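> So the chains spell out like this:
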Amino acid sequence: MPRVAVVGVGISKFGRRKGVSLRELTFEAFKEALEDAQIKKDEIQSVITGCASDEFAMANQPGAQIQEYLGLNPKPHFRVEAACASGSMAVRAGWMTIQSGLADIVLVNGAEKMTEVSTPKATEIMGKFGDSTWEYPFGISFPGYYAMLASNYLATYKESGKTDLAKIAVKNHYYGTLNPKAHMQKIVTEEQALSGFIVAYPLRLHDCSLISDGAASIVMVSEKVAKRFDKPIWITGLGAGSETHAIGRRKSLTSLESACVAADQAYKMAGITPKDVDVAVVHDCFTIAELIAYEDLGFCKRGEAPILIRNKDTYLDGLIPVNVDGGLKAKGHPIGATGVAMTAEIVKQLRGECGERQVKGAKIGLSHNVGGSGQFTAVHIYEA
Amino acid sequence: MAKKEVDDRFKKFGTVSFTAITKTNDFISYLEKGKVMGTKCKECGAIYFPPRSDCSKCFNSNMEWFEVTGTGRLLSFSELKYGPVGFEDDLPYTIALLDYDDYKVFGRISKDISYEDLDVGMELKTEFNTLPNGQLSYVFKSP
Ligand SMILES: [Zn+2]
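Each protein sequence line maps, in turn, to chains A and B. Numbering follows the numbering used here, with no gaps: position 282 of the first sequence is 282. Numbering follows the numbering used here, with no gaps: position 133 of the second sequence is 133.
No lab work stands behind these hints: they were computed from the structure. Just so it is clear, the structure is predicted and the values come from calculations on it, not from any experiment. We put the CB at the ideal spot given by N, CA and C, even for glycine. Where hints are given, some of them may not hold.
To be verified - Here are some chain B residues pointing at chain A (derived, C-beta under 7 Å):
id: 1; residue: Thr15
id: 2; residue: Tyr82
id: 3; residue: Gly107
id: 4; residue: Arg108
id: 5; residue: Val120
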């Protein structure tokens, strides 16, 4: 099978972007991606936009706003929705569009503007990503879902503790300070992380990712066209999985089955094992999610994720650097943008363009993007 | 002219419900009688909580109701300090998941149990309750 390459990436500044609309945010990312790829707008043949929520956009078909604002009509365009994995599923759809032969040059955007609604309204919108019939009427919040995973994880693996969650926050906040596009550039100490106010027991303030505005764009091309470009980064493995909507129907609360099957498919397709991965970005919407990701991705055995973070194995100089861009935790989590921004980060890592947060000599990268509390997971593998 | 009656019983479920209509609306009528019910497929025996009107294992829709009785093991819980719009008066509250072996029940812990007294693995029972706003629900209590 011919391969698909990413040849241009752009990310808007993530944060509370007051005074900038959804379409204007995407324009920032799009312009940067075009310049990075050194192609003209008119060369794009097809467009896909990941955007998770009409309620955050306060509009239906927010993708259409974006497509017009980027000046891309009448090129084919559709939107992909897979909750917090919308971005990675859009990348997957971009790969499919190219592999099907429908287009050779595809633009994939991810965008979300989350800070225009009140915090209780944002809690409502996020809560409704869960089962709105059987779980929402009890007042579940999005942190509530991951708090349930955390309570079960901490009870299942007696050696693990809240300090392990705090250590994830400390790492990702530290790396956020090295990423100029990150929402928050502030170091958090373990003491601060352990004494922050409780959002959803046992998760505290610093266990939760940020509600952010942001956009990311990438240019994907067929192998045939990729020859034109200096530093194509190849997508060599893709995997995806799904999980029950209701948390009560899960087989496990210490793992996401969707992530396990996605990782398995992606490793097989790329012909690699977890040990071959040089740099990874994983879906740390909450600190517990990063611990679980280490295990679901096979970076360690079940129950051993706390050891990985205690040993600093996922730091820049460690065995497998994870989220050295700050993760969702510090970089921010504008839902639909997240997956596309993950791809952009890995592309930059494999090109060696990440400056202070560069993983030296990284050749193989991985992104792990989870929608909802696991309902959609995409794992992609990239090679230089 | 009389309006055609809509069976929207389900809007009575929980503090705030975004669902009004489902084929499992009888769940609400059972709640009104104080019973928390799931469904069982008469064809293949699959057990469902929350109740379903169609079996995803054998694709039959021949279901019967069963009552959630006895105790379940506390699988996980979280005390929420922040809630969505409409839940402000309830805060803080503790959500939880009970494991009844054949099925699991998601819901809330009774206000008279502090989350600090909860331990994963402890036995709790599921009981019907009426909420302060008149809505119908169920709650987890000490057996
Ligand atoms: Zn059946």
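> Run every hint past the structure and note whether it holds.
Outcome of the hint check:
no. : hint   : result
1   : Thr15  : holds, 6 Å
2   : Tyr82  : holds, 6 Å
3   : Gly107 : holds, 6 Å
4   : Arg108 : holds, 5 Å
5   : Val120 : holds, 4 Å
Hint compliance for this structure: every hint is met.
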